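S.K.: Use these hints to put chains B and C onto chain A, whose structure you have.
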Amino acid sequence: MSFTRRTLGKMAMGLVGASCLMGMPAIAADMPAPFDKPSDVKIALVRYLSTGDFFQAYLSGVEAQAKALGVDLRVLDSRQDAALQADMVDQAIALGVQGIIIQHGLTESMKEAAQRAVDAGIKVVAFDVNVENDAIPQIEQSDRDLARLALEQAIADNGESWKAGYVYVAGIAPLDRRNETWVEFKEKYPGIEEVAMFGTLDNPIANSVANQARSVLTANPGIQVMFAPYDEFAKGVKIAVDEAGMSKDIKIYSADISTSDIAAMREPDSAWAATAATNPAVVGQVSVRALAQLLAGEDPGKSVIVPPTLITQKQLIDNDIKNMEELSAKLPQFAHADVAMPAWMPNPNE
Amino acid sequence: MTLRDIAIRYGFIALLVGLIVFFTLATDGFASPQAAVFIFQSVAITGVLALGVTATLVVGGFDLSIGSVATTAMMASAYVLVVLEQNALVAVLACLAIGVIVGLINGVLIVYMRVPDLLATLGMMFLLVGLQRIPTEGRSIATGMTMPDGSVANGTFSPAFLALGRHRFDFFIPSLIPVSVVVLLVLAVLIWFFLEYTRFGRMMYAVGSNPKAAELAGAPVKAYKIWAYVISGVFASIGGILLAARLGRGDIASGNNLLLDAVAAALIGFAVLGAAKPNAFGTTIGALFVGVLLQGLTMMNAPYYTQDFVKGVVLVVALVFTFALSHRGRS
Amino acid sequence: MSVDAVFRIAGLRKSFGPIQVLGGVSLDLHAGEVAVLMGANGAGKSTLVRVVSGVYARDGGTITLEGKDFAPETPADAMRSGVVTVHQNINDGVVMALDVATNLTLDRLNGTGAKFLFNPRRVRRQAREVADRMGLEISLDAEISELSLADRQMVAIARAMAHEPKVLILDEPTSSLSSAEANRLFSVIDRLRQEGVAILYISHRMSDIRRLADRIICLRDGGISGTFDIKPLDYEGAVNAMLGQKVDLGQVAVKDADRTVFAATNLRIAPGAAPFSMELGDGEIVAVTGLVGVGKTALAETLFGHRQPLGGAMTLRGKRYAPRSTGEAIAEGVFLVAKDRADSGIVQDFNIYENMSLPFLSRISRLGVSRRIAERNMARDRIADLGIVCRTERDEMSTLSGGNQQKVMVARWMTQPANLFILDEPFQGVDIAARRDIAAKLRASAAGRATIIFVTELDEALETADRILVMSEHSIVGEHRNADVDIDQLLAEIAGRSHRGAA
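Residue numbers (the numbering used here), protein chains in the order written: chain A, -15 to 334; chain B, 626 to 956; chain C, 7 to 509.
So that you can see chain A by itself, here it is in the shape it has in the complex (with noise of 0.2 angstroms):
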C-alpha cells in the first residue's frame, strides 16, 4: 500500500478529531485526582486473548469507561504470546502510564512483570489472571455463579429430577470451576442423574460438539436437559438436538451470551431454554472503574466480582431482544453492574 500525501493528512485530521472527542471529559469539577485533569491520565490494558467476540466487547467495554472518565487509554495487544505480553508490561512502564490493566494470560509470564510495574509505582488491576500480587486487585467474572443461575433455572423449569446430559473439558479454568457448581448441584439434588458427559475444544467447536451431541443422544435418548456452560457448547448442542427433531423434548441451560445466542434461543420451539452471563462490556468498565478507584486512592477490594445475569427465552422473547445493544438496553441489569461505582464515577452507560 502506498500512503500519499492527501491520505496521510486525512489519516492526522481523523486523529486529531479523535483526541478532540476523546479529550472531552463528561464532567470535571468533582472528580478526585487525579481524575480532576483525566487528560493527563495515561492507562494501559496490556492484553493475551483478544479474537471473539467477547474479547471485542471486553474492549469496546474498557473504552467506554476510559472514554467516560477522559483518561488516555494504550491498548496492547500481544496475541497470545506470554512472552510478549510481559514485554508489553514493560513497554507501557516505559511509556509513563498510571495504571495498567492485564486482561488475561500465564501467572508465570505475569506474576513478575506486573511486580515490576506496582515496583514502578503504577496501579495495577487484573482482568481472569492470577498474578499473585496483593497490590493487585483481580477482576474476576463469577464462573460458579453463571453456573449457579443456570442450573438454579434448570431445577426451577425442570424440577428436582431428571436425565442430564453435560457438556465439559477439563482444564480450561472457567470451565472448571463452572463444573465445580455442577458438582455440588448433583449431590444436592441427587434426582440429577448425569447419563452423558462429552465435550470437545476443536474448532469450530460448535460443529464438533454437535456431531458428539448427535451420538449422545442417539445413545441416550432419555435426556431431558442438557448442561453445556459455554455458549459454543450450547450452540453444537443445540444443532444436535435440532438435527435429532427432539427440539420440544429438551431444554439446554449454559452460561455466556452473543448476538448469534440470542438468535439460536429466539428460533420458534428453541431448545436452548436459558443462559447466565456476565456482559463483557460491564467487565470492561469495571476494570477501568478498579484501577480508577486505586490511582484516586482509594481501594476497590481483593477481589472484584462482576456479577452474573440470567437470561431466558422468554425474557428475549417478551422483549422482542435480537441482539446484544437491545440486550443491554433493555435489560438494564445485564448493561450496568453496581461495582467498583463510588459517587464521582461517571457511568459510561448514562
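Treat each hint with caution, since some may be false.
Keeping only pairs whose Cα atoms sit at most 35 angstroms apart, straight-line, the calculated DSBU-like set for lysine-lysine is [what the hints assert, rightly or not]: (1) A:LYS314 <-> A:LYS232; (2) A:LYS21 <-> A:LYS51; (3) A:LYS172 <-> A:LYS51; (4) A:LYS147 <-> A:LYS232; (5) C:LYS261 <-> C:LYS172; (6) A:LYS286 <-> A:LYS232; (7) C:LYS237 <-> B:LYS837; (8) A:LYS51 <-> A:LYS26; (9) C:LYS447 <-> B:LYS837; (10) C:LYS172 <-> B:LYS847; (11) A:LYS232 <-> A:LYS306; (12) B:LYS936 <-> A:LYS147; (13) A:LYS232 <-> A:LYS298; (14) A:LYS306 <-> A:LYS170; (15) A:LYS170 <-> B:LYS936.
Simulated restraints on C-beta separations [claimed, not checked]: (16) B:ALA656 <-> A:TYR173: 32 to 38 angstroms; (17) B:LEU644 <-> C:ASP346: 53 to 59 angstroms; (18) C:ASN383 <-> B:ILE631: 28 to 34 angstroms.
These are calculated hints, taken from the structure and not from any lab test. Computed from a prediction, not measured in an experiment: that's the story for all the values here. All residues carry an ideal CB built from backbone N, CA and C; glycine is no exception.
M.R.: Just chains B and C, lined up with the frame of chain A:
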C-alpha cells in the same frame, strides 16, 4: 494371493466392519438407519475437504490451506447473507469463487514461483485465517450483529441457504438423509470417477508419480498441478458452505481441526484395498472409519482426549499398512 | 618426463558380486604431468577413482605412492597420504552453508590435533595462505551459495590443494562449467603441473583433452585399452581405443530414404554452437552419435518441443514445425523415447498397459473417459509384437527386467503412427538380446516415418542405422552412409576434428 496380500487388501475394510459390529453390540441405538446417516453427516464436511486434498496428493502435492479455506468460505457466506443481505445463490457463488481463487493462487505459487507446496499452502493458511477477520474486525457474523462502524447488520441466513445444512431428503424413512451427506456422496463419486476413469485423472496420477515422464508424454504438468489445487480449493469452499449452513452463522475459526481430520482421512485412504496411493474411494472410507470410531466412542461416553488418541492410532496403523505394502512392492 | 612414476597402479582388480568392474588395470602417474583418463560410461572410471580415493577397497593388484604401498582405508586417509580427489559433483566438494574461508580450511577442523574452539581469525589467516598459493581471487567472506559453479570448483580444488597433494585426481571437472570458466580451471591446472603435482584428469570432452593432456590412457570394459604419450598425441586413436570397434560391417541392409519427412535448417541448440542442417527421410533410421555431453539429448529434446532452439527452422512433411511443448510435438506425430527411463519414462505407480497408453490417453478416451479395455487390448498387441516378457499387461513395471522395461517404453510410442520417431539412448541398460529385438523392430516398422536414434556407443549406431550423423560441441560435424563407413574419419569427427576445417 497370499494371506498377507489378503490382509493388506481387505484388512482395513474388515477392521471397519468389525468396529461396526462391536459398537452395535456395545451400545444402544448404534445400528439404526438414523445413526448410520448421522455418522455420514458427522464426517460430511471433513470428508469433502479430504476428497479435495486427495486431488493434491495425487499430483504429488499437499494443501495445508483447506481448513482455513473452509472457514473463510463460511465467513464469506455469512458476510454475503447477513451484511450484504444477498440471497443464498450469491453466497454459494461467492464461496466457490473464493475456492477457485485460493486454489489458483496456491497453484501459481507452487508451480510458477517454485515455492514448496507445504510452505505455499501454509502461508495461504495464515493469510486466510487473518483475512476472514478483516471485514468484521474479528467479530463472528450473526444476524443483528453490530458492525465496526456501529451499524447493525440486518440480513439473515435465508431458508434456502440453511436448507443446505438442515434439509433432509426422504429415503425409505421420511426426512432421513441430510443435504451434506448427499453432497459428500455425490462429490465422492464424482472425484472417484474423475481420478479413476478419465484421462485427466490418470494424467494427474502420472504427474504425481513421475512428473518428468508425464511431461515427456505430452502432459501439461503445470496445468494439471494448478488444477489439482483449484479442485482442492473448491472442495474446501463447499465444505465451508456446508459448515455455515449447519451452524447458521459465521464463526471465526482457523479450521485446523478440519484440516487435520481431512488429511488423516486421505492418508487412511492409502491403506484401503491396498491402494498405497491417494484415492477417492479410500479417502471416503477413511473419513467414515474415523466417523464410526468417534461416534461409537462418544456413545460409549469415552472422553474427548481418548478420541484424538484413537484417531492417531488408526492413522499410524493405516500408514503401517501402506508402508508394508509399498515395501513389498519394492523388494 | 621423470622416469620413476610417483603413483603406480598395477593389476588392479575390483568386482561387485559376480560382476568384475576392473580387471587388472595398470597405469602410472608422473610428477608434473597431466594424464587424461578416457572411458565410456560403464568402462570403470568411477570405480577406479573410488578405489584410489579410498572409498572402495581393492580386490587385487598393487598401488604404490612414491615407492611405498598405498592402501587407504578411508577418503581422509588417502587425502592425508597426499592423494586428493575432486569429485564430479561440484557441490559435494564444498559446504554450501559456510563461507569460503571456512570451506578452504574445513579439513583442518576434523584432523587430529584440531583445536576444540573455532577461532575465526586463525581460520581466516590459514585460508588466506591457501587462497594465495592457488591465486584464488574470491572474497574469503563470500558464501558458497553466492558463487558461480566455476568459483565453487576453484574453492573445491583449492581446498584439495591445501593438503599439498602429490597426486591430484579431477573427475570430469568441466562437466558443468562454461568454456570461459573451464579456461580458468585450465590455468590453475597448468600452475599445479609446474609445481610438480601428478594429475589424473578424467574427461571425455575432447576440447579439454586437447588443451591439457600430456598422456592419454583409455579405459574400456575394466581394462586399459590404450595409452598414448607420443607427441603429437593421437586423439583419434584414443577415441577408437575408448569406444572400441568390434563391428561386422554390412550387418545392416542399408536403405536409402525416399522422401524427406523432417528437415532442419541452420538449427542452433546451444549458445556459441555452430548452426547445422539435416534432413531425415521416410523409412530410414538415422543414428546420431558423439561423446557424452556434446548435445545429443539437447537435440532430441529440441526436436520434441521440450526445449526451444536458439535459431533456425524445422519443417515436418513440408510444413513449418515449431512445437512449443511436448504435447504439440505429439499432436504432430513426433514421439520421443527419452533416455534414463527410470527418471523420465516409467511411471512407477502404473502397470504396463497404463504406462503404454500414457501419451495417447486422449486418443483412446471417449469424452475424456478412458477406455481400459481398449488400452489393454492395445497393450497386449504391443507385448506380443515386441516380445515383452511378462505375465499380463497388468504387471507392475518393477517386476520387469531392464530390457523389458525399455521395450515397454519403446512400445508406448509405437501404439500410434509417427511422423518422426526419436529415441535417445534406447539401448542404455538393456541386455544384448533386448537390444537386438528393439533394433529389429525399429527397422521392420521404419516405413512411413523418419526415425532418429541418439547413441554414444558407436557399435549401436553401426548395428541399427542406415545413416550416421556425428555430433560434437552441440553441432553436427559429419555424416556417413552406413555402408563402407570410413571408420577413421568417423572417429576423427567424434574426437572433434570436424569437417569444418578445424583440422
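S.K.: Please go over all the hints and tell whether each is borne out by the structure.
M.R.: Going through the hints against the structure:
no. : hint                                      : result
1   : A:LYS314 <-> A:LYS232                     : holds, 28 angstroms
2   : A:LYS21 <-> A:LYS51                       : holds, 13 angstroms
3   : A:LYS172 <-> A:LYS51                      : violated, 46 angstroms
4   : A:LYS147 <-> A:LYS232                     : holds, 15 angstroms
5   : C:LYS261 <-> C:LYS172                     : violated, 56 angstroms
6   : A:LYS286 <-> A:LYS232                     : violated, 45 angstroms
7   : C:LYS237 <-> B:LYS837                     : violated, 46 angstroms
8   : A:LYS51 <-> A:LYS26                       : holds, 12 angstroms
9   : C:LYS447 <-> B:LYS837                     : holds, 26 angstroms
10  : C:LYS172 <-> B:LYS847                     : violated, 51 angstroms
11  : A:LYS232 <-> A:LYS306                     : holds, 22 angstroms
12  : B:LYS936 <-> A:LYS147                     : holds, 30 angstroms
13  : A:LYS232 <-> A:LYS298                     : holds, 15 angstroms
14  : A:LYS306 <-> A:LYS170                     : holds, 34 angstroms
15  : A:LYS170 <-> B:LYS936                     : holds, 33 angstroms
16  : B:ALA656 <-> A:TYR173: 32 to 38 angstroms : holds, 35 angstroms
17  : B:LEU644 <-> C:ASP346: 53 to 59 angstroms : violated, 47 angstroms
18  : C:ASN383 <-> B:ILE631: 28 to 34 angstroms : holds, 30 angstroms
Of the hints listed earlier, those the structure fails to meet are numbers 3, 5, 6, 7, 10 and 17, in rising order.
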